[in-house]
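Undergrad: So the protein lines, in turn, are chains A, B and C. Read in order, the letters of the first sequence correspond to residues 1 to 330 in the working numbering. Read in order, the letters of the second sequence correspond to residues 1 to 330 in the working numbering. Read in order, the letters of the third sequence correspond to residues 1 to 330 in the working numbering.
Honestly, the hints are just simulated from the structure, not real lab data. Hints are not guaranteed to be accurate.
If chains are identical, the list can't say which one is meant, so a pair holds when it fits in one copy or spans any two.
[Claimed, not checked] Distance condition first, Cα-Cα at most 25 Å in a straight line; then the derived SDA-like pairs of lysine to any residue:
1. K187 x S77
2. K65 x K329
3. K173 x F45
4. K65 x M54
5. K329 x E313
6. K187 x G153
7. K28 x E56
None of the values given here were measured: they were computed from a predicted structure.
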Amino acid sequence: MATYVPPARTENPYLPLGDHRNAPFYGKDILSVRQFSREDLDYIFGVAKEMHAMVERVGTFDLLKGKILANLFYEPSTRTSSSFTSAMERLGGSVIPINEVRYSSVSKGESLPDTVRTLECYADVIVLRHPEVGASALAAKYARKPIINAGDGVGEHPTQALLDLFTILSELKRVNGLTVTMLGDLKYGRTVHSLARLLSLYEVRINYVSPEILRMPEEVKKELSEKGIPQAEYETLDEVLPETDVLYVTRVQKERFSDLNEYESVKHAYVITPETMTRAKDEMIVMHPLPRVGEISMEVDEDPRAAYFRQMEYGLYVRMALLAMVLGKA
Amino acid sequence: MATYVPPARTENPYLPLGDHRNAPFYGKDILSVRQFSREDLDYIFGVAKEMHAMVERVGTFDLLKGKILANLFYEPSTRTSSSFTSAMERLGGSVIPINEVRYSSVSKGESLPDTVRTLECYADVIVLRHPEVGASALAAKYARKPIINAGDGVGEHPTQALLDLFTILSELKRVNGLTVTMLGDLKYGRTVHSLARLLSLYEVRINYVSPEILRMPEEVKKELSEKGIPQAEYETLDEVLPETDVLYVTRVQKERFSDLNEYESVKHAYVITPETMTRAKDEMIVMHPLPRVGEISMEVDEDPRAAYFRQMEYGLYVRMALLAMVLGKA
Amino acid sequence: MATYVPPARTENPYLPLGDHRNAPFYGKDILSVRQFSREDLDYIFGVAKEMHAMVERVGTFDLLKGKILANLFYEPSTRTSSSFTSAMERLGGSVIPINEVRYSSVSKGESLPDTVRTLECYADVIVLRHPEVGASALAAKYARKPIINAGDGVGEHPTQALLDLFTILSELKRVNGLTVTMLGDLKYGRTVHSLARLLSLYEVRINYVSPEILRMPEEVKKELSEKGIPQAEYETLDEVLPETDVLYVTRVQKERFSDLNEYESVKHAYVITPETMTRAKDEMIVMHPLPRVGEISMEVDEDPRAAYFRQMEYGLYVRMALLAMVLGKA
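Okay, chain A solo, but in the shape it has when bound:
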């Protein structure tokens, strides 16, 4: 196997001169939550907060006018794809939507490096969703333009974790000192793994509530332990609910259970109802990465503590911030 050394990443020729070249994240890829320091997060959330304020005040603005995003989705994700499209359009930029890659040059066998090197001829930044772990890192290795990972298989989905954290910050005005309870399938959910890693940059206490077979992986727990994060595991929510500030719900999928009796015996313990909410703090928030399929009952939507739709909106501001940042405009 030959080892290919891609050319040095050069300045984006489409950007006008300015002091943005010293801006943090200018020309950078967003690949993994592991790349962020606490200072990075403060910076990102500061920009996201500005985006929020500007959207509320004026709706859209032309910060990225003339810039083009290639929205490259190898697997469908209406939510994430729409969110990035909206983020780019609210900043005055344009989008090349690429949703049917399964049928096209890709299916003729083109490699991911070739596809991204083609697309960067047409676009200024590439958002990539791919079914394989490591796809974003591979794309970034070959691309001269910034790559934003919008989910690569069971690997990472860093912008989801960032929006989760920005939701907590926006709703509760702080992260330090909070007790976060993660509920449901903690074994297979890349969302909770990434969020746990980001939370380890703060002073928090984390509870894991899951069926025995769907526990948070040892690897993640070990990583957080080394950073001194207090963690505890439970099989029911009852004990930890009263002390919880953030309840992060995920779906428990029937298919994960080899013994369906086991599934039947636990499934009700992981559904949030109005009754559940009566036992929670007044200022708690309920989050969910969506889509939900029954694990939070619709009656809970009325509760002001139900933050999961607002969470989608915070996602817009975070993605606006990231796009502006990597294009040197934040």
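Starting from the structure of chain A, add chains B and C where the hints point.
TA: Leaving out everything else, chains B and C in the frame of chain A:
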């Protein structure tokens, strides 16, 4: 079953202050032809006429600059989807195209209310095409942002009926006093049902020409009778063609007939040819919702009375008007 | 069969008055390489060069602000579709993406003439990719707005040939006097057929290197002979490589061979490696229409003579030029 009461529809935070809040249709949904009064139609068509004039003069303008349309199509419809996309872009707005919902979060089982509540975090207005009757009303119940029904199964397709009526008005300069003849499959076509209902707000005479088994439903005829609209049914066009001002053609599908001999015996009676046109008024117009598959021969296209492609263009102006109206900009 | 005579092509009503009506290509279709004279090419490449300069200087500009492109793809092609989308957006225009025509009104049996006559109600120019030879000419016969052929089956793909030639011109600063070697499957590749035809407008020498069964068709060779172009055929690259200025590589597909032993015996002769490059001129360029699947090894990408990704970028400028030209803005 719990009954969920959605929150009160609040002001759209993205709209700048102004007197648009008193504008008719600002923040409203467009769900059914039944929601319109005669005054409403006058208003809509007045705005559509302005849109027509502005497109002819300047092509596009920035009335909806900064606004975003989520074009949510659960079933494909190139024509309707392209028309709304063009309408939004000609007004300076942006579009989030969502065509592959079948493969995405929806297929993971997400409910329509959850999908629209997610999309309204990213967009200012949602156009919805859905295979199920009542889908738009359901979406509108949960959404804070305006929903425009672009067809829900055999239910309604109100913007089609509006553009049909606007076509008549633009081509013949009036609706009152006209004789409208509807031809073909009048039983299953939601288009003719909706158009008939809208026409009942005017003083018109309606002829229905169809095979026995594809007659206009009693329910629709009864509704129009109560409003005093003269209606008559025929099996061939010959008798009514000379008096017809508007000939509205729809397709007679072979699949509707259990007895194929019956289909063979009638099919030619429902095809419009240049010979047909010789027996029609000079100032008659021929309309068709398109796509056509043989029920109007291509030779008729040359006839100035063939209005079906102009009809598509009138549709653009009506949809521009509706988008501007519900966003408080008309 | 009735013969339909489409109406005379009228002035585009959306264009403001100006002297663009005398501009070459204003309102014209781009259907085939055969429509271009040498003067046409000089003009097109002059505009493309300006586009290149403007993109490098300012990124995007509003030359086509308010114009709408209908990007009508009956078969998927991420590369070509993204390229036209980007070209339109970099010029400030908007795009109606139509990628799923297979499922939509088309599959209900609508004819191509009806589809384009509908779309031209919404758009100012139509880019068409279609699996059938002659589809673009048919569309252009019925459309009043310009049609740009983005590939019709094994027929033509004129914008690809134009971008190929513009790449040669941009990289080597001339076309006259060059030796162009076409390698691989020369029988079925519409790309090499079209490029050969365009090259015949210059003073070049062309070598064809292919397996016996994949030779350049007699028809093309005859056409070039009549124009006095020196042509020669080879089965291996070795003899002609040292004199080659432009090496145009295409894929040799296993499926073309009835005798797999024959395929195995030739396949290595048509793969470009760093070793191949040591025997080539210092100022030679390697081109490929992409996607590639092994016929150029990735190690070659590092070589400054590897022009195939730059070729994609030149394509953007050529398509920007064509869009601006047919819309009277170049």
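Undergrad: Up to 25 Å between alpha-carbons, please classify K187 paired with S77: within, between, both or neither.
TA: within (21 Å within a copy, 38 Å between copies)
Undergrad: Can you give me the call for K28 and E56, within, between, both or neither, at a CA distance of at most 25 Å?
TA: So K28 and E56 pass the 25 Å test across copies only (21 Å; inside, 28 Å).
Undergrad: At most 25 Å between CA atoms: does that hold for K173 and F45 within a copy, between copies, both, or neither?
TA: within (12 Å within a copy, 49 Å between copies)
Undergrad: Evaluate K65 and K329 at a C-alpha cut-off of 25 Å and name the case that applies: within, between, both or neither.
TA: both (11 Å within a copy, 21 Å between copies)
Undergrad: Checking an output row: K329 and E313, CA cutoff 25 Å. Within, between, both or neither?
TA: both (21 Å within a copy, 24 Å between copies)
Undergrad: 25 Å Cα cut-off: does K65 pair with M54 within a copy, between copies, both or neither?
TA: both (16 Å within a copy, 15 Å between copies)
Undergrad: Is it within, between, both, or neither for K187 and G153, if the alpha carbons may be no more than 25 Å apart?
TA: For K187 and G153, the Cα distance is within 25 Å only inside one copy (14 Å; across copies 40 Å).
Violated hints are absent here; each numbered hint is respected by the structure.
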